Amino acid sequence: MEKPVDVVSRLVRRKPGTPPRISVEPEDEDEAFAAVPVEQMSVRGVFLLSMAIVSFAAFTLFALSDVLQGETHAAAQWALLLAVPATSAAAWFPISISRATQGVLRIKSSMPPPTPDSPAPSFSPGSSLLTRLARRYRRNHMFAIYQSVGWTLYGLFVALQLACFDPQNVCTLPFCQPGIHSVQAGAAFIAEVLIISSVLTLERRRDRNRQRRKDRFVVQLNNFNNMLLLVGATLLALVSEYSRAFPNPSGSSVGYSMAAGLGSLALFVTALLNTYGLGGVLSTKDGWNFYQPFMGGARFVLFQKVSWTCFGAGTALQLLYLISLVVVELELFMGAMAVAGSFFVVAEIGMMMSLLVFKKATWSPKIGEQANNALDFVEMHKRLRGFASECLAVLVIGGLANIQFIPNALCLLFFALTTNLSAGGVIFYSTTAMFTEFIMVISRSIATHLYLKDSHNGLLEDVNRYHVKYVLPQIVTGCLPAVATYRHYIYDMEAFVPVLILTIFGYIYEFTYRGNPQQTGCRERISWTTGHSLLMETVQKYFNGKIIRMAPLDPEKQYVLSFHPHGIMPISVMWLQFTDQWRKLFPNFYAHILTASVLHQMPLARDILHFYGSREVTRNAFAYTLQNKESVLLVPGGQAEMLEQRSAQKEVRVYTHHKGFIRLAIEHGVPLVPVLSFNEGEMMDNVQAPMMQRWFVKKLAFPFPYFPYGRGLLPIPRKVDIPIVVGEPLEVPHIPKPTQDDVDKVHTKYFAALEEMFVKYKDEVGCGDYKLVFI
1 MEKPVDVVSR LVRRKPGTPP RISVEPEDED EAFAAVPVEQ MSVRGVFLLS MAIVSFAAFT
61 LFALSDVLQG ETHAAAQWAL LLAVPATSAA AWFPISISRA TQGVLRIKSS MPPPTPDSPA
121 PSFSPGSSLL TRLARRYRRN HMFAIYQSVG WTLYGLFVAL QLACFDPQNV CTLPFCQPGI
181 HSVQAGAAFI AEVLIISSVL TLERRRDRNR QRRKDRFVVQ LNNFNNMLLL VGATLLALVS
241 EYSRAFPNPS GSSVGYSMAA GLGSLALFVT ALLNTYGLGG VLSTKDGWNF YQPFMGGARF
301 VLFQKVSWTC FGAGTALQLL YLISLVVVEL ELFMGAMAVA GSFFVVAEIG MMMSLLVFKK
361 ATWSPKIGEQ ANNALDFVEM HKRLRGFASE CLAVLVIGGL ANIQFIPNAL CLLFFALTTN
421 LSAGGVIFYS TTAMFTEFIM VISRSIATHL YLKDSHNGLL EDVNRYHVKY VLPQIVTGCL
481 PAVATYRHYI YDMEAFVPVL ILTIFGYIYE FTYRGNPQQT GCRERISWTT GHSLLMETVQ
541 KYFNGKIIRM APLDPEKQYV LSFHPHGIMP ISVMWLQFTD QWRKLFPNFY AHILTASVLH
601 QMPLARDILH FYGSREVTRN AFAYTLQNKE SVLLVPGGQA EMLEQRSAQK EVRVYTHHKG
661 FIRLAIEHGV PLVPVLSFNE GEMMDNVQAP MMQRWFVKKL AFPFPYFPYG RGLLPIPRKV
721 DIPIVVGEPL EVPHIPKPTQ DDVDKVHTKY FAALEEMFVK YKDEVGCGDY KLVFI
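Just so you know, my numbering puts 759 at position 759 of the sequence shown, and the rest follows in order with no gaps.
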């Protein structure tokens, strides 16, 4: 019969007056040492740390010797083969990773010894291995997941090694060829880290009782493993770049890069997910969940956003890199893997920082404190949504403001993905394509300008717009793509295929000019003009856009809405009519936007304008719209007003010498509606070269040089409040052929009404110290 437990003889030596430290051995061996303070790492902890270092060294040696075509990977191969079974065996010893100080005694359970009438329970040391395995898999789901995935990857590694053992398979199987073993090494290394992580999951309940952060060896070991994964992934990323820059003559450089790239991506993904999953369980208190949107505190959410954003960017970049290698056997761009690795490093650091600042959501039993916590959470959620909306608005506005450059960027990417040209060659071809597009746009602009000049803005019907004088420049520039394609075909040049594709696409795209959509609006999409647009609503929120209505507009009538001032870009005109606020103030009313003719010559920009019902600001398009009983919205100041814009002057500068819109309104008897935006000139600025810009506007109707800038000196509008006042309709006489005196009278009356609007509302919109300057 077992002797009774002598508690007194097993007490720890202590100072007089202090209570004895007694620990009772729990029934579940996975909870052993739960109540014992720790100061050192046990033998099992040292063993796991050593295995992590050894497996990483073997993985590194395997990858480097493989790429350098050495024969030193045999030792690394055996180390990786033995690492996983040896490490997995450590999970079956009931020894904590961190051990208690000497002198701390544990009291065994007071359960009586087993007898024939009361056999030992299943968790006794005499249990079979299969029983203990089933119990551990059943009680610890994280342990089961890590063990299953780890052993699956290890089995894959062993299978590949056995398959590659036969010399005949070395030349036939893709992953057995020299230089393409990096995927095998990556699988074995990931398997080893996952097995170590499975052992760490057994320590999570013990770790809850650690008294000092410096004693939390479990967390430190997990972070160490993740950093090894990160270093290994970076190593493979550099190997991929190295093999592309210095291909080995005995094998395909694409095979080297592909294998190393796949291994790098797998290691990066494993590192971040392991940091977030197991790292969150080990390094945080109770309250951690794998899915916890906008929880954990504001700093935690901020670090998480940065981390997952960088992770997504790095993953996308590596996937594009691998796809480019498979499809065209050309690297996306020099240093793509290095850039992706930098994104992943920032993501890993951000993830670790987020775990340090995680805060469990605490709810006080007191109603008042609960309400405060709820309000704090709602406020944080509101701020995060506002931040996300602002980021989206910046992307949308930046894209709209620079939409004319998007086709050029796509052209650069197209040549990079479809050819084996060097970086200089890709830049040369894309620049040539951009220059060709510029010449074609300028030729159309010149032809339109000459026709409008000769026909007095379309008033002289005997001027044929298809005269050789207007058509020849467009024919000459239109032949340039065909000549370039023919030359590439004759000399069998490398870029023949992409040049041919771009030429075919360009000539097919010419069919979109049929029907003169910039004048007739034949490409308008009703769903775009009348449907709800989340992007436009986001832009309005970015500017805190506020529309003030002085009088309703009858949707059965037609009006000429004139927007002031032009600004560097009349950005408010883009979103004004496509918001819910406008539709509530002016239901079922829409005015076609008249924009610069040059925008209707640029691919993509013209497509979006046409789909939204926009037309060019010419007399023909203006008159055609009014004749069809439709309303128009234009910016009368035009490019002349744009050249006069200056921010931070507290001035609303309006150009008053353009009277064509007033003449057309009188000819058709359509009321004028002034629209005034108080801060339109504060959004952006342009480089100052007034003499050159005026010359280009006069001769070519284009303000060169044109390099607008705003927020952070980038071509993104500044975030300023934009109050817009829509005035009362100003009735005008219907005179088919008005005299200059008739136009001047309405002109004077119109700008007097505009000035009255400014004086009436400037204090209400917060612009009391602004001046209205007529130019």
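Keep in mind that a hint or two might mislead.
[As the list claims (entries may be wrong)] For lysine-lysine, the following DSS-like pairs were computed, each having C-alpha atoms within a straight-line distance of at most 25 Å:
hint : residue 1 : residue 2
1    : 749       : 760
2    : 584       : 760
3    : 305       : 453
4    : 584       : 762
5    : 546       : 760
6    : 762       : 557
7    : 650       : 771
8    : 382       : 771
9    : 584       : 629
10   : 659       : 453
11   : 745       : 546
12   : 546       : 771
[Claimed, not checked] Restraint ranges, calculated between C-beta atoms of paired labels, are given here:
hint : residue 1 : residue 2 : range
13   : 420       : 709       : 25 to 31 Å
14   : 775       : 482       : 28 to 34 Å
15   : 528       : 459       : 29 to 35 Å
16   : 528       : 508       : 19 to 25 Å
17   : 766       : 395       : 23 to 29 Å
18   : 323       : 53        : 55 to 61 Å
19   : 689       : 649       : 15 to 21 Å
20   : 508       : 413       : 30 to 36 Å
21   : 556       : 520       : 20 to 26 Å
22   : 423       : 462       : 40 to 46 Å
23   : 423       : 508       : 28 to 34 Å
24   : 431       : 709       : 20 to 26 Å
25   : 420       : 483       : 19 to 25 Å
Since the hints were made in silico from the structure, they are not lab data.
Model, not experiment: these values are computed from the prediction.
Glycine included, each C-beta is placed from N, C-alpha and C at the ideal position.
Hint by hint, which ones does the structure fall short of? 3, 6, 8, 11, 13, 14, 18, 20 and 22
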